[in-house]
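**Student:** Turn these sequences into a full structure, and let the hints guide you.
Going by the working numbering, the sequence shown opens with residue 11, and the numbers climb by one from there.
The set of hints was computed from the structure by calculation and includes no laboratory data.
Hints may be right or wrong, so weigh each one.
[Claimed, not checked] Calculated cross-link-like contacts (lysine-lysine; reagent style BS3-like; alpha-carbon spacing at most 27 Å): (1) K120 / K208; (2) K208 / K180; (3) K14 / K124; (4) K92 / K14.
[Claimed, not checked] If you anchor each label on the Cβ, the simulated ranges turn out as follows: (5) K138 / F26: 27 to 33 Å; (6) Q72 / V41: 31 to 37 Å; (7) K253 / D115: 39 to 45 Å; (8) K92 / Y227: 37 to 43 Å; (9) V60 / L30: 15 to 21 Å.
The beta-carbon is built from N, C-alpha and C at its ideal position, and this holds for glycine as well.
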Amino acid sequence: MENKEIEYSGAYMNGFNMVLFVILLPLLAGVMFLFAPEIVAIPATIVLGVLFLIGLTGYVIQEPNEARVLLFFGRYQGTFHKTGFYWINPLMTVRKVSLRLRNMDIEPIKVNDKVGNPVLIGMVLVWKVKDTYRASFDVDAQSLGAVNSVVLNNFVRIQSDAALREVTGKFAYDSDAHEHELTLRSGGDEINQMLEEKINERLAMAGIEVEEARINYLAYAPEIAAVMLRRQQASAIISAREKIVEGAVSMVRLAIEGLENEGIVKLDEDRKASLVSNLLVVLCADEPAQPVISAASNK
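**Tutor:** Structure (structure tokens):
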């Protein structure tokens, strides 16, 4: 979006020089009144008096990362960015704008993810005013000669909330079916980058730029949290069982190959099947194996 801000190029003066000039004006008026002809002294004294009154106002002290938006009878003249003590035409309307970074903590909101599950999601924003023209005139945020931070904060909060809902609706909270699918839980920097872009698109109309947007809270909504926790536990158990079975099969194969290669025992297919069954039961069981000793009867 086009930047409407322009740099102020009108008349201004170093504040200290102007103070010195204003101090000299009464002295100059006194000299004129005492030594100049009356026809010259009276008009000159009046002019110097007017200049003196004008010179008493129009001073600004501007700190780093601050700006003044200047208007002349309602017409935008530019934005003054210079830091220090200056005198500016007192007929100008001056509006102070802070260009400093600001933090905002967006409280968790309830949103439906891509598959319709209600989730609670919150984020942290770091933002600043980039275009003083838009922040001053495109948003109704004027208060006592300055841009009202409360109104801007409210504008940023509402637009960020809308962007957060939009991004959240495009992704699932988590996914077991597709390991490489981008989700809210695993997206990390990619989700944050997309969120930052969406918020910047919405805030550009107000001359505001987001430096960072980061999700700082993500959880299932309370009404489904217990169910989803059991689902996650079931998924974890299945994954663990797959690893156990995979390891057990490998150990059984090594045991049979070792017995046959060392010539310890010759196994036919039935005995192999029995051995495999017994080893898998022992290796995959949740409880430790309890050996059973067969005692042959001599009857």
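**Student:** Now look at each hint and say whether the structure bears it out.
**Tutor:** Status of the hints after comparison with the structure:
Of the pairs offered as hints, the one joining K120 and K208 holds, with about 19 Å between alpha carbons and a cut-off of 27 Å not exceeded. A C-alpha spacing of about 12 Å is found between K208 and K180, which places the hinted pair at or below 27 Å, so the restraint holds. With a CA separation close to 38 Å, the supplied pair K14 and K124 exceeds the 27 Å bound. Between K92 and K14, the direct Cα distance comes to roughly 19 Å. Compliance with the 27 Å bound is thereby established for this hinted pair.
Between K138 and F26 the beta carbon distance is about 30 Å. The supplied range of 27 to 33 Å therefore holds. Look at Q72 against V41: about 35 Å separates their beta carbons, and that is inside 31 to 37 Å. The hinted window of 39 to 45 Å between K253 and D115 holds, with their beta carbons roughly 40 Å apart. Taking 37 to 43 Å as the suggested C-beta distance range, the pair K92 and Y227 conforms, at roughly 42 Å.
Against the hinted window of 15 to 21 Å, the Cβ-Cβ separation of V60 and L30 comes to about 18 Å, which satisfies the hint.
Hint check: a violation occurs at hint 3 only; the rest are consistent with the structure.
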